[in-house]
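Engineer: What follows is the residue order along each chain.
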Amino acid sequence: MIYEASATATVVFAIFVGAVLALSFYLGAAAKSAKGYFAAHGDIHWFVNGIAFAGDYLSAASFLGICGMIAFYGYDGFLYSIGYLAGWIVALFVVAEPLKRLGRFTFADALDARFGSRGIKLAAAVSTLVVSLFYLIPQMVGAGALIKPLLGFSHHVGVLLVGIVVILIVVTAGMVSTTWVQFIKGSMLIVFCTILAGLILARGLRTPAEGEGFAVRPVSSVTGAPGTHVLAEEGAWAGKPYVRMADEGSGRVAVWRKAGSDVSGNELLSEAQAVTVRAGQKLIDGLPQGKRKGEHDLRPVGHVAALPGGEAATGSLGPLDFLRTVGGSQIVLWGSEKIAEGDGSITTVYFQKPTAGRDVLLPGLSPTFKGLRDDGFTWAKVDFLSLMIALFCGTASLPHILIRYYTVSNQAAVRKSTVVGIASIGFFYILTLFLGLGAMTSGRLDLTDTNMSAPLLAEGFGKLLFAVISAIAFTTVLGTVSGLIMAASGAVAHDLMTSLLKMDLSDREKVRAGKIAAVVVGALAMVLGILFKEVNVTFLVGWAFNVAASANLPSLVMLLFWPKTTKQGITAAITVGMVSSLAWILLSAETYSKVYGWKPEASPMPFSQPGLVTIPLGFVVLVVVSLLTQRSEARA
Amino acid sequence: MAQDDDAEASTRSTPLGLRLFALYLALYAGYMGATVFAPRWMAGTVAGINLAIVYGLVLIVVALALALVYLTLLREGRSAR
Numbered sequence: 001m002i003y004e005a006s007a008t009a010t011v012v013f014a015i016f017v018g019a020v021l022a023l024s025f026y027l028g029a030a031a032k033s034a035k036g037y038f039a040a041h042g043d044i045h046w047f048v049n050g051i052a053f054a055g056d057y058l059s060a061a062s063f064l065g066i067c068g069m070i071a072f073y074g075y076d077g078f079l080y081s082i083g084y085l086a087g088w089i090v091a092l093f094v095v096a097e098p099l100k101r102l103g104r105f106t107f108a109d110a111l112d113a114r115f116g117s118r119g120i121k122l123a124a125a126v127s128t129l130v131v132s133l134f135y136l137i138p139q140m141v142g143a144g145a146l147i148k149p150l151l152g153f154s155h156h157v158g159v160l161l162v163g164i165v166v167i168l169i170v171v172t173a174g175m176v177s178t179t180w181v182q183f184i185k186g187s188m189l190i191v192f193c194t195i196l197a198g199l200i201l202a203r204g205l206r207t208p209a210e211g212e213g214f215a216v217r218p219v220s221s222v223t224g225a226p227g228t229h230v231l232a233e234e235g236a237w238a239g240k241p242y243v244r245m246a247d248e249g250s251g252r253v254a255v256w257r258k259a260g261s262d263v264s265g266n267e268l269l270s271e272a273q274a275v276t277v278r279a280g281q282k283l284i285d286g287l288p289q290g291k292r293k294g295e296h297d298l299r300p301v302g303h304v305a306a307l308p309g310g311e312a313a314t315g316s317l318g319p320l321d322f323l324r325t326v327g328g329s330q331i332v333l334w335g336s337e338k339i340a341e342g343d344g345s346i347t348t349v350y351f352q353k354p355t356a357g358r359d360v361l362l363p364g365l366s367p368t369f370k371g372l373r374d375d376g377f378t379w380a381k382v383d384f385l386s387l388m389i390a391l392f393c394g395t396a397s398l399p400h401i402l403i404r405y406y407t408v409s410n411q412a413a414v415r416k417s418t419v420v421g422i423a424s425i426g427f428f429y430i431l432t433l434f435l436g437l438g439a440m441t442s443g444r445l446d447l448t449d450t451n452m453s454a455p456l457l458a459e460g461f462g463k464l465l466f467a468v469i470s471a472i473a474f475t476t477v478l479g480t481v482s483g484l485i486m487a488a489s490g491a492v493a494h495d496l497m498t499s500l501l502k503m504d505l506s507d508r509e510k511v512r513a514g515k516i517a518a519v520v521v522g523a524l525a526m527v528l529g530i531l532f533k534e535v536n537v538t539f540l541v542g543w544a545f546n547v548a549a550s551a552n553l554p555s556l557v558m559l560l561f562w563p564k565t566t567k568q569g570i571t572a573a574i575t576v577g578m579v580s581s582l583a584w585i586l587l588s589a590e591t592y593s594k595v596y597g598w599k600p601e602a603s604p605m606p607f608s609q610p611g612l613v614t615i616p617l618g619f620v621v622l623v624v625v626s627l628l629t630q631r632s633e634a635r636a
Numbered sequence: 001m002a003q004d005d006d007a008e009a010s011t012r013s014t015p016l017g018l019r020l021f022a023l024y025l026a027l028y029a030g031y032m033g034a035t036v037f038a039p040r041w042m043a044g045t046v047a048g049i050n051l052a053i054v055y056g057l058v059l060i061v062v063a064l065a066l067a068l069v070y071l072t073l074l075r076e077g078r079s080a081r
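Protein chains in written order, with this note's numbering: chain C, 1 to 636; chain B, 1 to 81.
Since the hints were derived computationally from the structure, they do not count as laboratory data.
Given the structure is predicted, the values throughout are model-derived calculations rather than measurements.
The C-beta atom is built at its ideal place from N, Cα and C for all residues, glycine as well.
Check each hint, because a few of them may be wrong.
[To be verified] The calculated label-pair distances, taken between Cβ atoms and stated as ranges, are:
id	chain 1	residue 1	chain 2	residue 2	range
1	C	Arg512	B	Leu73	39 to 47 Å
2	B	Ala43	C	Tyr26	53 to 61 Å
3	B	Ala43	C	Gly198	24 to 32 Å
4	C	Leu628	B	Gly48	33 to 41 Å
Isolated chain C (complex conformation):
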């Protein structure tokens, strides 16, 4: 879809970004020492830190990705909400306090506290860098997705803009400003999403009025329309369930999909939309994409076909009534099919897929989890288990979450801020269910961009709300990205340079090294953000969790609870966990189809989420290597 930039959006956006930058410069003056730069002097109040946890954690992926996934596939997006939150239980009960006891600035510090091994420092620093980069990709993709409708810039410009602003934030004031940015953004995100959810419930659900939405008509009324003719089912279209109607006046080719027959036996056709890419040009229903005369654009989608009891509109609903009503409705989701024609053009047909609401509210609708509800064994079930395990284990292994344990003064503050984090994050994830279902039935979805669902939903309630929600989402990206870049910069300056290479850096030099590292990591993230444009951001974050859990969790847990753990065991577990999960992801069907553009069937991996295999692998490697190296450890 083509979006029109709005002046309101631009102004609101400029105010947000300006305020964030001003705050950074103001706080920058206070963060000259290494402890100030990397750990905000360790004196952030626990409540602020708790909301900042929410700010760090509720990234573009949580907000844009989950809403989009629920809007397009129902419950499958909510799976991420559940898993992301459950992971905090591991963080609070198992990892947080011991980690705070052991470390100073980074998680490598804590892992290495007992051993003083350069191998551990190196492995932990590299894994921090890899996980941070992986987590940065979806944030950058999210930024690109947002900037398009907001300011009318291209995806590239969006990514570059975020990159530059974030580097400014991080370089000026490090962890102090990052924490305050996270606090402000976390609070605003929760407040405005609550307002949005309230508006959705107040609006209730309705079926489209006459002339709105998408038609389902008897064949005769479609093919008999004056001034049109049916195109022959030739070439790649032969045998496909489509009827193509050429309009003799405009030249538009409307695609209809055969949709069974009605009660009296009349065959039906349902209105579809076609995107054709021919010789680098994008055509919508056979016309160049655009808003001017002689052009055509994709129409927004997402409507309720029938409400329970045949009502036309429900009026305002309570939260539980809303869920009940969705469950009893018939909702039009959209499927797609690619058709490659002889002249090298590729047409993607998007077609209506009426779906019972009770199916929407169960897992297994998205392509990834297709087969989850079948009897007997399916790979989708393994993929599901693997994802849920990775999300559960991943939170407590994310470097940008772990460093936040060093910004408060003591363990009691760690505990209290984690609980504040859980409360705000949990509340937000309950909201995502309503935001996603609200978007699904809003009639405003962009078929080609799941990540835009939440802002487009807000647009339905007015331009101002759209502008505010988009600006918050953008600040969300800024906040999370700055946290990640801080984690990466700490890994380079503190772990690699000072501890591993034994460079004798003064406090001031260490801060400067951290800043240079931040610039480099930021630049790298911008490039990756442009490369991974097409993929749903939540899916990408799911992978970052897989890598984090596989590389870091076995070492963290075993170090805390198994006295026989050796330094070689930790080094090996981090390395094997990181390499195996990365390799698995790069070879998975999803990466094949969405990143390389290859056939997904060619992928050697039976399912796409590696966690189920690679997390236990990390534990096994750690135990085996530790047992093998017991004696050398004792001698040393």
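Chain C is fixed; fit chain B onto it per the hints.
Structural biologist: Just chain B now, with coordinates in the frame of chain C:
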């Protein structure tokens, strides 16, 4: 001093934390198991809402409840001394 208080609490926090963790792990495993092995049961409804949604919401609410229990028990343990 706050620092000393904290050290005392932390010697007991691990076993309590692990017990609460085991409780939540069981609930979470139950959710994964039911989704994979009993999808039809998850499709059943409670008060008009299916179990998959109810169980999901319960997982979120219980996480917060356990976190609060943890905080309260540690605080009471400390003030009792």
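Engineer: Which hints from the list above does the structure break, by number from lowest to highest?
Structural biologist: Structure breaks hint 4 only.
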